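So the protein lines, in turn, are chains A and B.
When we follow this note's numbering, the leftmost residue of the first sequence carries the number 1, and every step to the right adds one.
When we follow this note's numbering, the leftmost residue of the second sequence carries the number 1, and every step to the right adds one.
Quick caveat, the hints were computed from the structure, so don't treat them as lab data.
Check the hints yourself; a few may be wrong.
[As the list claims (entries may be wrong)] Pairs of lysine-lysine residues, derived as DSS-like cross-links and limited to a Cα-Cα distance of at most 25 Å, are as follows:
id	chain 1	residue 1	chain 2	residue 2
1	A	57	B	95
2	B	3	A	57
3	A	57	A	71
4	B	95	A	71
5	B	52	B	95
6	B	52	B	69
7	B	3	B	69
8	B	69	B	95
9	B	95	B	3
Note that the coordinates shown come from a computational prediction; the quantities given were computed from them, not determined experimentally.
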Amino acid sequence: DTGVSQDPRHKITKRGQNVTFRCDPISEHNRLYWYRQTLGQGPEFLTYFQNEAQLEKSRLLSDRFSAERPKGSFSTLEIQRTEQGDSAMYLCASSRRPREQYFGPGTRLTVT
Amino acid sequence: DAKTTQPTSMDCAEGRAANLPCNHSTISGNEYVYWYRQIHSQGPQYIIHGLKNNETNEMASLIITEDRKSSTLILPHATLRDTAVYYCIGPNDYKLSFGAGTTVTVRA
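Bound conformation, chain A alone (with noise of 0.2 Å):
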């Protein structure tokens, strides 16, 4: 399978720890992008890489989320000191060209 892989797919954490998340993107797109998703809403846009660099940080990615993508390829999304509303599941995609996105079965985050 070349899609977007996502590890792992389920966390579950108690509040306070931090959790990282990986995405390996298909491997011929230079751009790579995070969304989260909660119950009964469609997906936000958090954040974009072009190559290694991250263009643009949603307001909603507080001090405590981080993301990388060293190299230009697989990217992680760190979360410090989770908390209960952080419970969500983040969706990576990448693309070639910026609105034709190729999307991970995302990260469910459950934060008790």
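Starting from the known structure of chain A, fit chain B onto it as the hints suggest.
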């Protein structure tokens, strides 16, 4: 920002065409309309996009009105696997703005 408006939900019979409307009255002349769908527990999936001409691919057809204020996504022969939330995405460069979409339920 240009916004899109879609019905909240619609039902469709299996094997029949599903016509999903979207209003995008504030779209400007060089802005494309994109459609995605999200099947339960999966990430969104790109379907099709268009500017002003009708478009067709293996998944669907897209009909855009001449004034570009609205469009219709057509699933020609809906199957149970087409049950999903369908999003009409207005222009916002790479920051896809999904909104609530239309929940389409295909019934046997």
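Structure-based check of all given hints:
For the given pair, residue 57 of chain A sits about 10 Å from residue 95 of chain B by alpha-carbon distance, which is consistent with the 25 Å threshold. Taking the CA atoms of residue 3 of chain B and residue 57 of chain A, the gap is about 21 Å. The hint holds against a cut of 25 Å. In summary, the hint linking residue 57 of chain A to residue 71 of chain A is supported, as the alpha carbons are separated by about 19 Å, within the 25 Å threshold. Among the hinted pairs, residue 95 of chain B with residue 71 of chain A is consistent with the structure: their alpha-carbon atoms are about 22 Å apart, no more than 25 Å.
In summary, the hint linking residue 52 of chain B to residue 95 of chain B is supported, as the alpha carbons are separated by about 22 Å, within the 25 Å threshold. Simply put, residue 52 of chain B and residue 69 of chain B have alpha-carbon atoms about 10 Å apart, close enough for the 25 Å limit, and the pair holds. This hinted pair checks out: residue 3 of chain B and residue 69 of chain B have alpha carbons roughly 11 Å apart, not beyond 25 Å. At most 25 Å may separate the alpha-carbon atoms for a hinted pair to count; residue 69 of chain B and residue 95 of chain B meet this at roughly 21 Å.
Proposed proximity of residue 95 of chain B and residue 3 of chain B is supported: the alpha carbons are some 13 Å apart, at most 25 Å.
Hint violations for this structure: none, all hints satisfied.
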